[in-house]
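Could you put together the complete structure from these sequences and hints?
Following this note's numbering, the numbering of the sequence shown begins with 59 at its first residue and continues without gaps.
Rather than coming from a laboratory, the hints here were simulated on the basis of the structure.
Note that the Cβ used here is the ideal one computed from N, Cα and C, for glycine as well.
Mixed in with the good hints, there may be bad ones.
[Said to hold, decoys possible] Across the chosen pairs, the derived CB separations fall in these ranges:
1) 228 / 88: 37 to 45 Å
2) 175 / 124: 30 to 38 Å
3) 89 / 210: 27 to 35 Å
4) 216 / 163: 17 to 25 Å
5) 168 / 114: 30 to 38 Å
6) 228 / 76: 19 to 27 Å
7) 172 / 227: 16 to 24 Å
8) 210 / 158: 14 to 22 Å
9) 89 / 134: 30 to 38 Å
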Amino acid sequence: MTITTPPPTEARARLALASPIGTLVLEGNDDALTDLVLPGCAGSHDTAPAGFDLESAPRAVAEAARQLSEYFDGERTAFELALQAAGTPFQREVWTRLAEIPYGETISYAELAASVERPQAFRAVGSANGANPIAIVVPCHRVITSSGNLGGYAGGLDAKRTLLALEGVSL
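This is the structure in structure tokens:
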């Protein structure tokens, strides 16, 4: 999965989707999903409607909503979406690697740092992981500490536990 940089003036729609961890806010356009805001995070309760009509949603956002619903219903283990996210080249490299972590598996921050060929940069990798604007689709919830603890999660540890349990991971 490649994560490209969105055009600076691209119009985007903000739409809400109910999920087992609360209301997610999807943002994007016809071409790509640009943001997935978790409940309790900045932007999660702004002007997003309580739901939306998939027929009138931008194509990429409607497709993301469909695939996320399948994921939460246990019918999907990988996402096939066009993604655009504003970030540094290093952040996009980390996010691209996150997208490669298989469903139902976890890796540590140190393993993630090694996978982007910066084994000593686990704190920088952790920061890039935390700045991931497309949570769940780019599965930052699959990164845990080297000792096997959950670590942090922008949506809260209960949400991280729920997502990992959905994928059959028990810690």
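Evaluation of the provided hints:
1. 228 / 88: 37 to 45 Å: About 39 Å separates the Cβ atoms of residue 228 and residue 88, which means 37 to 45 Å holds.
2. 175 / 124: 30 to 38 Å: holds (35 Å)
3. 89 / 210: 27 to 35 Å: Given range 27 to 35 Å: holds, Cβ gap about 31 Å.
4. 216 / 163: 17 to 25 Å: holds (21 Å)
5. 168 / 114: 30 to 38 Å: Given range 30 to 38 Å: violated, Cβ gap about 45 Å.
6. 228 / 76: 19 to 27 Å: holds (25 Å)
7. 172 / 227: 16 to 24 Å: Between residue 172 and residue 227, where Cβ atoms are some 21 Å apart, the hint holds.
8. 210 / 158: 14 to 22 Å: Given about 21 Å between the Cβ atoms, the range holds.
9. 89 / 134: 30 to 38 Å: Violated: the Cβ-Cβ distance is about 21 Å, outside 30 to 38 Å.
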